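Q: Chains as they are written, first to last, in the working numbering: chain A, 1 to 110; chain B, 1 to 464.
Worth double-checking, as some hints may not be accurate.
Stated by the list, open to error - Okay, derived cross-link-like pairs now, DSSO-like style, lysine-lysine, Cα gap no bigger than 30 Å in a straight line:
hint, chain 1, residue 1, chain 2, residue 2
1, B, K312, B, K353
2, B, K191, B, K25
3, B, K429, B, K141
4, B, K420, B, K22
5, B, K351, B, K141
6, A, K50, B, K25
7, B, K429, B, K337
8, B, K353, B, K22
9, A, K4, B, K141
10, A, K50, B, K420
11, B, K141, B, K191
12, B, K145, A, K4
Stated by the list, open to error - Here are some, though not all, of the chain A residues that point toward chain B, as calculated from beta-carbon distances under 8 Å:
hint, residue
13, I15
14, G17
15, V21
16, A27
17, M37
18, F73
19, A81
20, M93
Stated by the list, open to error - If you want a taste of the chain B side facing chain A, the calculated C-beta under 7 Å gives, among others:
hint, residue
21, A37
22, I39
23, E127
24, M156
25, F159
26, F341
27, P371
28, W461
None of these hints come from the bench; they were simulated from the model. Computed from a predicted model, the values in this text were never measured in an experiment. For glycine and all other residues, C-beta sits at the position ideal for the given N, C-alpha and C.
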Amino acid sequence: MDIKAYIALSLSLFIIGIIGVLIRRNAIIIFMCIELMLNAVNLLLVAFSKMHALSPVAKASLDYASDAQIFVFFIMVVAAAEVTVGLAIIVMMYRNVHTVDVNFLNRLKN
Amino acid sequence: MNTIICTAFFGVVMMFFGVFVKSKKSPKYAAIIGLSAIILLNISELITGNSFFQIDIHEMLHFDNFNLLFITIALSCTLIYFLLSGSEIEKVGNHVGEYFALIFFVLCGISIAATFNTLLMLFIGIEIISIPLYILTASDKRNLKSNEAALKYFLMGAFSTGIMLMGIAFIYGGNPAASFHIDKIQLGIGKMPVMIAIGLLFLMVSMSFKVSAAPFHFWTPDVYDGAPTVFTSFMSTIVKAAGFFAFIRLFEHAFGVIQDQWQHLIIFITVATLLIGNVTAVFQQSVKRMLAYSSIAQAGFMLLALFALNGKAKEGILLYSAAYSLATIGMFGILTKMEDFTIDGFNGLAKEKPLLAFATTVFLLSLTGVPLTAGFQSKFFMLMAAVENGQHIWLVIVAVLFAAVSAYYYFKIIQSMYFKEAKTSGIVKLDALSKPFNIMLMVIVVIILIIGIYPEILIGWMYH
């Protein structure tokens, strides 16, 4: 399959994620959209890695072609660490104000 | 290498310290001793060029005088921060050892972000800096402001991380060498390839988020205002300088040769940051929020190094991190002792605590960039770098004009300290009299003046 299809798929997932972050007001859903953005990147990295491995131009530098697939594991681990901290922050907020709506967060404006 | 391993190890030590040692005072002393040892190890690496740990890192990190000196500056500023504000960290909550542990982890991230050689290490370094900071921002658990700041910081930070990763993926895809190494990105001849251009744009946006450059600065005032004041002091100074260092290192090595193709974007970001930071700071009533906007304004000056990207800019960014960090840490240290965070809260401070007022004056003069202070030298080096770059001299004039604007809001505090009467007595908290605190303030004042007169003391290390 052409690499353009993979780029289109992951860019659309990424843009859905960005739109979700910008328009949704529920902290958990914003958080899910951020995870969607990260996973779109994972998909793209693996696709590019395969593309480089198959490309005739890059045969000389094949030692790096699987770097991206290792990168994906790092992204997963860091995302897991972020989830741990992020959910803790959301739970802490829920305990104090009994809502996860980000519109509630306006104490700092003035 | 010494710093990365030792800070990570000592962070774990501090975690266990928090569990097994019940005393609330002892973590501070342990942290100060540990950090001093780490600074000595780092300086020994800077002088001899050899690390105690011989690890094959496959060129993923790169250590030279420039970035080791930056790490030394960051560690030394943190030591000064511990000595000055350590007792305030004890007051934030019950888990004192853990706050210190998290700060050590941030320092580990700073060392990685200052020495990275591949985009993977850049990502890891930035994340190791960010994640502990989310926790530190949220550490005042019952305070709704702290909660709100933490959630905002976390969502914005994770969002910009996503953008950064997308940029990295596109750069990898557009690079025929199929490498994440920042020196091995093939940019082609003439105009850069589309995928590299997209990646560069994403990376620029996400790094601007991290260093709070306009138009991606909107989270900064809220987060800096809501976080506990001691931790604002840490994250608006040392962490921010590290973010800039990583930003400059990335763009110098990966995209330095095609600087003329992205320079106009940096000029736009610089002017917008200077404008928004300085003009909004003028209208602030709360000193804490004013310092948040002033940190955006100072970021505008640091962006001049990214615009120039020459030898003077490298010296300038080192001086700027030291000068800005010291003065702002001092200001926040004084701010934690005030009863009232508004500018009126400083009324009549000169009569009640002349020493405190004198130190505040020196810090504010340094932030403005008045000669004989470190702030002047750092601004001077930045402007010199921009002039040496040769193009767009008007940018230098704009920067100087905005430095003049910044004098207005910094001097407003000096004015209220010396020329206004206090309405009530007791404008400072009772423990502000403590001797170690006053001595530390004087030490910072002396360092600022010494760097202001002989900046070679600091940057000479780069060429020893």
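Q: So, for every hint listed, does it hold in this structure?
A: Hint check:
1. B:K312 / B:K353: Not OK: K312 of chain B and K353 of chain B at ~40 Å, beyond 30 Å, violated.
2. B:K191 / B:K25: violated (59 Å)
3. B:K429 / B:K141: Holds, at about 23 Å.
4. B:K420 / B:K22: Measuring from Cα to Cα gives roughly 45 Å; hence the hint is violated.
5. B:K351 / B:K141: Violated, at roughly 37 Å.
6. A:K50 / B:K25: Judged against 30 Å, a Cα distance of about 55 Å means the pair is violated.
7. B:K429 / B:K337: Judged against 30 Å, a Cα distance of about 5 Å means the pair holds.
8. B:K353 / B:K22: violated (35 Å)
9. A:K4 / B:K141: Measuring from Cα to Cα gives roughly 47 Å; hence the hint is violated.
10. A:K50 / B:K420: Given pair K50 of chain A, K420 of chain B is violated - Cα atoms ~70 Å apart, limit 30 Å.
11. B:K141 / B:K191: Judged against 30 Å, a Cα distance of about 51 Å means the pair is violated.
12. B:K145 / A:K4: Not OK: K145 of chain B and K4 of chain A at ~46 Å, beyond 30 Å, violated.
13. I15: With a minimum Cβ separation of about 10 Å from chain B (threshold 8 Å), the hint on I15 of chain A is violated.
14. G17: At 7 Å from the nearest chain B Cβ, G17 of chain A passes the 8 Å test, so the hint holds.
15. V21: holds (6 Å)
16. A27: Because about 6 Å separates A27 of chain A from the closest Cβ in chain B, which is inside the 8 Å limit, the hint holds.
17. M37: At 4 Å from the nearest chain B Cβ, M37 of chain A passes the 8 Å test, so the hint holds.
18. F73: violated (10 Å)
19. A81: holds (6 Å)
20. M93: holds (5 Å)
21. A37: The hint is violated - A37 of chain B has no Cβ within 7 Å of chain A, the shortest such distance being about 28 Å.
22. I39: violated (28 Å)
23. E127: Since chain A brings a Cβ to about 5 Å from E127 of chain B, closer than 7 Å, the hint holds.
24. M156: Because about 9 Å separates M156 of chain B from the closest Cβ in chain A, which is outside the 7 Å limit, the hint is violated.
25. F159: Interface hint status for F159 of chain B: holds (6 Å vs cutoff 7 Å).
26. F341: violated (13 Å)
27. P371: The hint is violated - P371 of chain B has no Cβ within 7 Å of chain A, the shortest such distance being about 37 Å.
28. W461: violated (33 Å)
The structure fails hints 1, 2, 4, 5, 6, 8, 9, 10, 11, 12, 13, 18, 21, 22, 24, 26, 27 and 28 (numbered hints given earlier, in ascending order).
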